[in-house]
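Keeping their order, the protein sequence lines are chains C and R. Residue numbers for the first sequence follow this note's numbering, so the first one is -13 and each next one is one higher. Residue numbers for the second sequence follow this note's numbering, so the first one is 406 and each next one is one higher.
Simulated from the structure, these hints should not be mistaken for laboratory data. From a predicted model like this one, the values you see are computed outputs, not experimental measurements. You may find that some hints are simply not true.
[As the list claims (entries may be wrong)] Some but not every residue of chain R turned toward chain C, in silico, with C-beta under 8 Å:
{"#": "1", "residue": "M428"}
{"#": "2", "residue": "P432"}
{"#": "3", "residue": "K544"}
{"#": "4", "residue": "D558"}
{"#": "5", "residue": "L565"}
[Unchecked claim] Derived DSBU-like pairs: lysine-lysine, alpha-carbon spacing no greater than 30 Å straight-line:
{"#": "6", "chain 1": "R", "residue 1": "K514", "chain 2": "R", "residue 2": "K491"}
{"#": "7", "chain 1": "R", "residue 1": "K460", "chain 2": "C", "residue 2": "K365"}
{"#": "8", "chain 1": "C", "residue 1": "K359", "chain 2": "R", "residue 2": "K514"}
We treat Cβ as the ideally placed atom computed from N, Cα and C, and that holds for glycine.
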Amino acid sequence: MNYDKLINPVVGALPPSGIRKFFDVVNTMDDAISLGVGEPDFVTPWAIREAGIYSLESGRTYYTANSGLLELREEIANYNMRKYGVKYNPADQILVTVGGSEAIDAMIRCVVCPGDEVLIPEPSFVCYKPLTIMAGGVPVTIETKEEDEFRLTPELLREKITDKTKLLILPYPNNPTGAVMSKEDLEAIAEVLKGTDILVLSDEIYGELRYSDEKHVPFSAIEGMYDRTVVVNGFSKAFAMTGWRLGYALGPARIIGLMTKVHQYGIMSSPTTSQYAAIEALRSCDDDVEDMCREYNYRRRVIVDGFREMGLSCFEPYGAFYIFPCIKSTGMTSDEFCTRLLGEEKVAVVPGNAFGECGEGFIRCSYAYSVEKIEEALKRIARFVSRHTAETE
Amino acid sequence: MDDILRILDKEQGVVNTEKISRMLGIPEEEVAAKLEELENNHIIAGYKTIVNWDKTDREVVTALIDLRVTPQRGEGFDKVAERIYKYPQVRALYLMSGAYDLSVMIEGKTMKDVALFVAQKLAPMESIISTATHFVLKKYKSEGIIFDDNEKDTRQVITL
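Produce the complete structure using the sequences and hints provided.
Here it is, written out as structure tokens:
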């Protein structure tokens, strides 16, 4: 078969993952330390796992309603009211999805028409561009800057808006940079959007993982933004439930209704066991989330200090569990740095350019690891950096 | 303060002021001073190693003993508690609500050791009305530590 002639060229042309080669190399090493993982190191709290097990014991092994168990949607509504004071109707404003990723895909497919432009701040998680392209849209990158602590500013946004702009992606708290947007930052973005018809997909999957006194504010809570915003959140990061594959979308009934159609035909319903477990997560695990968050914050301080002591510039990341130090002073590209660091010191980190071209010159390090592991990795990276900084001088 | 105690609890009492200072973003001297204060105030009552004796050659027998006690005028249970907890064999002593009053955890080399301690030391005390001894057969978890914890990091090595 000549598959080249048969396949969809749009999908064929999508770039493969930027980390494959590192993945293959690390897998062959016994004593490598990886700071390359984008998920919590905590196992899902036992109460949640136990609820999942109990649901299986009770024979809850059937499909659920397409949009998710009503009981779960009600808990999601309660949770968002209690935490953020934002009201969503469980009947028609909430869709339970297979991870946040499915919600992002469905949202983009429901609103992007061929030729529509989708504004994507970068560096950011890798799915927005390919999903936009597969939906026939045109991704328009907004390059955020280190001096702005990788926040989206109203100036950067205004420059990229055209009459074809359909959707703005707001990926904060941000993977890979750890950047967050304060309420004031979000209000400034809202000012730019007022009077336009631009919709917003706010990917807030790391929303619970915030380390300053300021709490997370969903974009839909900003005045005037509720009707144009779909918020994507889920259980993976906050509740350490990545493998359960469960997320959700909150938004205007009309758009959630469309997304439910996409979900219904593509997925049917999200995993039943995971949904029962998630009910328990929302009902009784606030303390577990708080404990995990506190622990990440301890590690965050250790790793930020460590990189600054090496002389690598690094803004203070207040969200998610990543830091994004600048490695330009070593004279290496991100790819070179990561390849050589892995070869020489057996530490795996992810090159910043895997998250967009403007991530070049940076590396992403996850601190979803024990303090001991982080300290050992820092020791090795420091050795590597001092060796190579000496070389360039 | 609270954070230092949380970290110590998690680190199982291993005191590394340098590490704590990095985790909290405060100077090491400040951590040391706070620790000293916590120790002086007996908020930190001690540092302890949790040993799973089952994995060693040493035989250790543990028993939980329920005591019903007549409280003494003006002293309540404190006086009799003091007479009990001063024995080194007593590893823990709690005042309880419910069917009995004091719960004593005893450690000895053999079951006979423990039984004799109950018969000769505890039972004859004037204010003790009754004893019920329960021997521990296996310790699964102690002081928040699971003895055979087999949960490992099985994450993929790199994910975006």
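Here is how each hint holds up against the structure:
1. Taking 8 Å as the C-beta cut-off, the interface hint given for R:M428 holds, the closest approach to chain C being about 4 Å.
2. With a least beta-carbon distance of about 12 Å to chain C, the hint placing R:P432 at the interface is violated under the 8 Å criterion.
3. For R:K544, the suggested interface contact is broken, since its CB lies about 19 Å from the closest CB of chain C, more than 8 Å.
4. At a threshold of 8 Å, the smallest CB-CB gap from R:D558 to chain C is about 6 Å, leaving the interface hint in force.
5. Interface hint at R:L565: satisfied, since its Cβ lies 5 Å from the closest Cβ of chain C, which is below the 8 Å cut-off.
6. Among the hinted pairs, R:K514 with R:K491 is consistent with the structure: their alpha-carbon atoms are about 18 Å apart, no more than 30 Å.
7. A C-alpha spacing of about 34 Å is found between R:K460 and C:K365, which places the hinted pair above 30 Å, so the restraint is violated.
8. Only pairs whose Cα atoms come within 30 Å are accepted, and C:K359 paired with R:K514 is rejected, the gap being roughly 39 Å.
When each numbered hint is compared with the structure, violations occur for hints 2, 3, 7, 8.
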